[in-house]
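Residues per chain are reported as follows:
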Amino acid sequence: MPETKYQLAELAQEIAAQIQGDPDFWVSSLATLQSASATELSFIANSQYQKYLKTTSAGAVILSPADLEFFSGNALIVDDPYLAYAKLSHKFAATQSVGVGVSNSATVDPTARVSSSAVIGPGAVVAAGSHIGDNVVVEANTVVGEDCVIGQGTHLCANVTLYSDVKIGENCLIHSGAVIGADGFGFANHQGQWEKIAQLGGVRIGNRVEIGACTTIDRGALDHTLIGDGVILDNQIQVAHNVQIGENSAIAGCTAVAGSTKIGDRCTIAGACGITGHLEIASGTHITAMTLVTKSITKPGAYSSGTGMLDNKQWKKSVVRFRQLDDIARRLKTLEDMVIENKGS
Amino acid sequence: MPETKYQLAELAQEIAAQIQGDPDFWVSSLATLQSASATELSFIANSQYQKYLKTTSAGAVILSPADLEFFSGNALIVDDPYLAYAKLSHKFAATQSVGVGVSNSATVDPTARVSSSAVIGPGAVVAAGSHIGDNVVVEANTVVGEDCVIGQGTHLCANVTLYSDVKIGENCLIHSGAVIGADGFGFANHQGQWEKIAQLGGVRIGNRVEIGACTTIDRGALDHTLIGDGVILDNQIQVAHNVQIGENSAIAGCTAVAGSTKIGDRCTIAGACGITGHLEIASGTHITAMTLVTKSITKPGAYSSGTGMLDNKQWKKSVVRFRQLDDIARRLKTLEDMVIENKGS
Amino acid sequence: MPETKYQLAELAQEIAAQIQGDPDFWVSSLATLQSASATELSFIANSQYQKYLKTTSAGAVILSPADLEFFSGNALIVDDPYLAYAKLSHKFAATQSVGVGVSNSATVDPTARVSSSAVIGPGAVVAAGSHIGDNVVVEANTVVGEDCVIGQGTHLCANVTLYSDVKIGENCLIHSGAVIGADGFGFANHQGQWEKIAQLGGVRIGNRVEIGACTTIDRGALDHTLIGDGVILDNQIQVAHNVQIGENSAIAGCTAVAGSTKIGDRCTIAGACGITGHLEIASGTHITAMTLVTKSITKPGAYSSGTGMLDNKQWKKSVVRFRQLDDIARRLKTLEDMVIENKGS
Chain A
80 MPETKYQLAE
90 LAQEIAAQIQ
100 GDPDFWVSSL
110 ATLQSASATE
120 LSFIANSQYQ
130 KYLKTTSAGA
140 VILSPADLEF
150 FSGNALIVDD
160 PYLAYAKLSH
170 KFAATQSVGV
180 GVSNSATVDP
190 TARVSSSAVI
200 GPGAVVAAGS
210 HIGDNVVVEA
220 NTVVGEDCVI
230 GQGTHLCANV
240 TLYSDVKIGE
250 NCLIHSGAVI
260 GADGFGFANH
270 QGQWEKIAQL
280 GGVRIGNRVE
290 IGACTTIDRG
300 ALDHTLIGDG
310 VILDNQIQVA
320 HNVQIGENSA
330 IAGCTAVAGS
340 TKIGDRCTIA
350 GACGITGHLE
360 IASGTHITAM
370 TLVTKSITKP
380 GAYSSGTGML
390 DNKQWKKSVV
400 RFRQLDDIAR
410 RLKTLEDMVI
420 ENKGS
Chain B
80 MPETKYQLAE
90 LAQEIAAQIQ
100 GDPDFWVSSL
110 ATLQSASATE
120 LSFIANSQYQ
130 KYLKTTSAGA
140 VILSPADLEF
150 FSGNALIVDD
160 PYLAYAKLSH
170 KFAATQSVGV
180 GVSNSATVDP
190 TARVSSSAVI
200 GPGAVVAAGS
210 HIGDNVVVEA
220 NTVVGEDCVI
230 GQGTHLCANV
240 TLYSDVKIGE
250 NCLIHSGAVI
260 GADGFGFANH
270 QGQWEKIAQL
280 GGVRIGNRVE
290 IGACTTIDRG
300 ALDHTLIGDG
310 VILDNQIQVA
320 HNVQIGENSA
330 IAGCTAVAGS
340 TKIGDRCTIA
350 GACGITGHLE
360 IASGTHITAM
370 TLVTKSITKP
380 GAYSSGTGML
390 DNKQWKKSVV
400 RFRQLDDIAR
410 RLKTLEDMVI
420 ENKGS
Chain C
80 MPETKYQLAE
90 LAQEIAAQIQ
100 GDPDFWVSSL
110 ATLQSASATE
120 LSFIANSQYQ
130 KYLKTTSAGA
140 VILSPADLEF
150 FSGNALIVDD
160 PYLAYAKLSH
170 KFAATQSVGV
180 GVSNSATVDP
190 TARVSSSAVI
200 GPGAVVAAGS
210 HIGDNVVVEA
220 NTVVGEDCVI
230 GQGTHLCANV
240 TLYSDVKIGE
250 NCLIHSGAVI
260 GADGFGFANH
270 QGQWEKIAQL
280 GGVRIGNRVE
290 IGACTTIDRG
300 ALDHTLIGDG
310 VILDNQIQVA
320 HNVQIGENSA
330 IAGCTAVAGS
340 TKIGDRCTIA
350 GACGITGHLE
360 IASGTHITAM
370 TLVTKSITKP
380 GAYSSGTGML
390 DNKQWKKSVV
400 RFRQLDDIAR
410 RLKTLEDMVI
420 ENKGS
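First to last, the protein sequences are chains A, B and C.
Taking my numbering as reference, the numbering of the first sequence is continuous, increasing by one, and the terminal residue is 424.
Taking my numbering as reference, the numbering of the second sequence is continuous, increasing by one, and the terminal residue is 424.
Taking my numbering as reference, the numbering of the third sequence is continuous, increasing by one, and the terminal residue is 424.
Since the hints were derived computationally from the structure, they do not count as laboratory data.
Note that this is a predicted model, so its numbers are computed, not measured.
Honestly, I wouldn't trust all of these hints.
Same chains, same label: a pair holds when it works inside one copy or across any pair of copies.
[Claimed, not checked] In silico lysine-lysine, PhoX-like type, Cα no more than 20 angstroms apart, as pairs: (1) Lys-170 x Lys-275; (2) Lys-374 x Lys-392; (3) Lys-374 x Lys-396; (4) Lys-84 x Lys-396; (5) Lys-395 x Lys-170; (6) Lys-392 x Lys-378; (7) Lys-374 x Lys-395; (8) Lys-396 x Lys-246; (9) Lys-374 x Lys-341; (10) Lys-378 x Lys-395; (11) Lys-396 x Lys-412; (12) Lys-412 x Lys-84; (13) Lys-378 x Lys-341; (14) Lys-170 x Lys-84.
Model the full assembly from the supplied sequences, consistent with the hints where possible.
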């Protein structure tokens with residue numbers, strides 16, 4: 080990996096920044112304020128970190144006009160330093176040599192159509208009837224089932240599995256271990272045994288979607304499971320059959336969404352939440368970590384469940400009292416009646 | 080995928096239904112009441128959906144005698160429409176071309192026995208001493224470890240991993256990303272370091288078991304981990320070493336079951352639950368979503384833990400008070416004593 | 080798998096045990112007290128199981144001096160029978176035939192360096208610039224990205240995925256389905272859309288680390304994600320970008336650790352916990368199952384959150400009252416004021 084260097088002026092242009100200091104300063108890479116060296120560019124996105132501006136060894140810093148007074152070195156001045164950092168980060172990413180064309184050890188069905196600009200890695204499989212678009216990368220040992228469509232510029236990392244009838248838009252990134260299109264958990268109980276319901280729907284994923292490692296998105300029972308444009312899903316998320324996730328919503332790791340629930344646009348759902356089935360979550364809703372959602376949310380806002388962390392001994396006491404809560408409330412009411420009666424008498 | 084069509088009379092016969100309307104009506108596929116077209120068959124399994132019977136475009140509907148009065152079109156009349164839908168769903172499932180025989184790029188150890196009717200997909204591996212039964216499908220890039228046995232009609236989807244000594248019964252379906260037989264989490268602490276305990280047991284899985292995507296079932300420490308006949312496990316479930324799951328139990332996604340816990344027959348465990356180790360859960364128990372189970376359950380019933388979802392501000396207030404619960408209860412008791420004393424005086 | 084047998088005297092030597100009974104007794108394998116046969120060796124690590132000493136059919140038992148009086152058969156006497164069992168367990172583990180050298184169907188980049196004593200299984204991929212150390216095993220269909228380093232004696236099970244720039248120490252064991260080095264969940268929100276932040280850091284894993292099936296460890300945003308020596312991670316754990324886990328800490332299945340959190344040494348974190356980002360957890364902390372950690376822990380101890388499991392009907396009542404908790408506490412205060420005032424009057 081040869082290092083790529085950029086001069087401050089070039090980087091400033093990318094993010095429409097004003098420059099303080101030397102526009103010819105060479106930036107070797109990006110780093111945090113605490114760990115940056117004299118050739119590195121850092122950023123400050125939160126005023127809590129102003130203290131590090133005094134001590135940082137960074138050769139240059141991306142900062143907002145408000146933080147400028149605390150730093151006299153080379154600087155790129157923008158309104159949103161975090162966004163600027165996000166944009167510049169891609170210039171310093173190592174380029175992976177994904178190869179070209181179809182690997183010798185890949186298996187591509189004769190009826191599949193693969194763009195000549197696509198890359199199919201070693202051991203990857205593309206099944207019958209699938210269409211792999213321009214500049215798509217299918218990394219090693221990834222399996223694309225039948226009748227899938229992968230839009231241009233989409234990247235399937237290694238060891239991804241797509242079942243049949245999964246259609247993914249353009250410029251998506253699907254991380255390793257993700258499984259898309261497995262059967263939804265649909266069974267009818269018949270005299271104590273489970274009769275499987277064939278899952279006839281597929282999965283439809285929009286453009287610019289990122290799906291994390293080991294995240295699972297089941298195919299629909301009858302209609303499709305739908306993931307909107309710009310959705311970002313972290314690792315180990317479970318999306319059940321016929322779930323719909325609206326545009327630009329973000330879900331953090333290990334959250335589970337049960338069947339047929341519709342999540343609106345621009346929702347932010349923290350990690351390890353559980354959302355039960357057949358709900359509707361209003362656009363713009365925020366759900367905090369490890370919340371159990373069992374009712375639809377019609378009004379955007381922030382929602383939570385659970386209890387705060389306590390020392391184990393104190394917690395045990397609270398847990399015992401939680402059991403008694405209804406009794407406690409009733410006793411309080413009785414006492415209120417008595418005292419008020421007593422007062423009145 | 081050529082579409083398969085069936086006449087209503089043929090479908091009626093499959094599910095022992097009475098027909099209302101035209102027995103020669105051609106059904107092209109299955110759909111929900113809301114989305115069905117004029118050639119599609121729908122169903123109503125819940126009287127809440129009766130309103131859709133009036134407006135559905137479905138060409139035919141599976142319904143119960145009780146709902147018949149609300150629908151005058153073509154109908155298949157059965158006592159359990161959901162079960163009937165489950166049974167008919169398989170007739171409309173697209174047939175995947177899984178190929179025949181052993182793929183050129185598969186690796187099958189010379190000491191493995193593979194039925195001539197089995198399919199071993201591209202890149203799949205079958206290790207020494209394993210036995211792949213009749214009509215078994217091992218999809219692409221799935222790895223079957225040593226000395227495994229896969230019963231007839233069982234289907235391993237792509238990118239499944241079986242470690243050694245995993246024995247799976249007949250007609251099971253194991254979804255992609257599932258890992259069966261990895262080491263249980265067994266370690267002895269020795270002066271602050273972890274001494275690994277070799278996991279000498281295997282995994283034994285019954286017949287007609289379905290295991291979801293990215294679900295992990297660890298091998299036993301000494302005895303085997305046991306999954307009974309007819310068990311259904313959703314995605315991303317963790318089953319630790321020496322767990323036993325009784326026949327026809329169902330577990331929804333993201334639930335974790337810790338080591339040596341025995342779950343009885345016909346239990347239904349919702350998603351994202353945590354069940355600690357060395358417990359016994361009575362047959363027929365139902366556990367609601369995201370419940371933490373830390374004690375054995377001897378009496379079947381429904382069990383829950385956690386708190387309901389609240390607006391974040393209100394929740395924070397409750398969380399503060401949860402910490403004070405023991406104090407609140409004690410103060411209530413004091414007050415009760417005072418008031419009763421006061422009254423008595 | 081030919082069975083390996085050992086005489087009691089040989090096993091005693093391995094664990095520095097004193098022998099009661101016949102030193103020439105042949106041990107065929109290990110088993111629990113309840114299931115051991117007359118040729119098997121068992122152990123008792125918990126005095127709760129003393130009752131089984133009377134009825135066990137085990138041919139020999141590992142026990143502590145305190146339990147010796149309850150068992151007159153062949154015995155290996157040690158101070159820590161569980162540790163002794165852990166050590167002996169490896170002698171009875173079946174040897175897997177992992178093969179030798181690089182499998183014909185593996186793909187190794189010409190610029191990768193692979194030790195002649197390493198094993199690269201069928202379908203495995205080793206990308207450019209990576210270094211596979213002595214006696215390393217890379218099992219079937221595992222993918223090692225670019226510029227990775229795998230230290231000697233480390234074992235990657237089947238279907239593991241390492242992205243680029245993942246460095247793993249010596250004598251580690253990485254289970255199937257694990258994904259190490261996928262992008263952290265880093266995005267800047269720009270006018271309602273998510274701007275991806277390139278994840279420039281890698282992952283650094285120490286020596287003697289075990290990582291469970293389908294566990295995901297993301298690469299760092301700028302610095303590396305760090306896993307210390309001797310750490311043990313169970314299945315389906317999510318470790319976000321820039322997390323640091325200190326030496327000899329243990330985390331049970333399905334726990335999620337959000338970005339940049341630092342977990343100290345020798346922590347034990349139970350299953351299904353959620354730990355939010357940018358926290359510090361003191362060395363030696365214990366967190367019980369399914370706890371939500373949203374604040375740093377500065378003092379080692381045991382911590383918990385959540386509520387205990389209840390019968391669903393009782394639970395619903397408590398949940399309703401949990402919502403009213405702030406009101407209940409305020410009403411109690413009012414009543415206290417009234418009663419005390421009343422008393423004082």
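Hints and how they fare:
In this assembly of identical chains, the alpha carbons of Lys-170 and Lys-275 lie at most 20 angstroms apart only when taken from different copies (12 angstroms versus 49 angstroms within one copy). Only between protomers do Lys-374 and Lys-392 lie at most 20 angstroms apart by alpha-carbon distance; the minimum there is 18 angstroms, versus 32 angstroms within a single protomer. For a Cα distance limit of 20 angstroms, the shortest separation of Lys-374 from Lys-396 across copies, 17 angstroms, qualifies, whereas the shortest one inside one copy, 29 angstroms, does not. Proximity of Lys-84 to Lys-396 under the C-alpha cut-off of 20 angstroms is found in neither arrangement, the shortest distances being 59 angstroms within a copy and 52 angstroms between copies.
With identical chains, the CA atoms of Lys-395 and Lys-170 are never at most 20 angstroms apart, being 52 angstroms at best within one copy and 42 angstroms at best between copies. Within a single copy, Lys-392 and Lys-378 get their C-alpha atoms only as close as 37 angstroms, which misses the 20 angstroms cut-off; across copies the closest is 14 angstroms, which meets it. Taking the shortest Cα distances, Lys-374 and Lys-395 sit within 20 angstroms of each other only across copies (14 angstroms), while inside one copy they are farther apart (28 angstroms). Taking the closest pair of Cα atoms, Lys-396 and Lys-246 never come within 20 angstroms of each other, the shortest separation being 52 angstroms inside a single copy and 45 angstroms across copies.
Taking the shortest alpha-carbon separations for Lys-374 and Lys-341, only the intra-copy value of 12 angstroms comes in at or below 20 angstroms, while the best inter-copy value is 31 angstroms. Within a single copy, Lys-378 and Lys-395 get their C-alpha atoms only as close as 35 angstroms, which misses the 20 angstroms cut-off; across copies the closest is 18 angstroms, which meets it. In this assembly of identical chains, Lys-396 and Lys-412 lie within 20 angstroms of each other by CA distance solely across copies; the values are 15 angstroms between and 23 angstroms within a copy. Taking the shortest Cα distances, Lys-412 and Lys-84 never come within 20 angstroms of each other, neither inside one copy (72 angstroms) nor across copies (66 angstroms).
Taking CA atoms no more than 20 angstroms apart as the test, Lys-378 paired with Lys-341 passes inside one copy only; the shortest distance there is 14 angstroms, against 36 angstroms between copies. In this homomeric assembly, Lys-170 and Lys-84 come within 20 angstroms of each other (Cα to Cα) only inside a single copy, at 9 angstroms, whereas the closest approach across copies is 54 angstroms.
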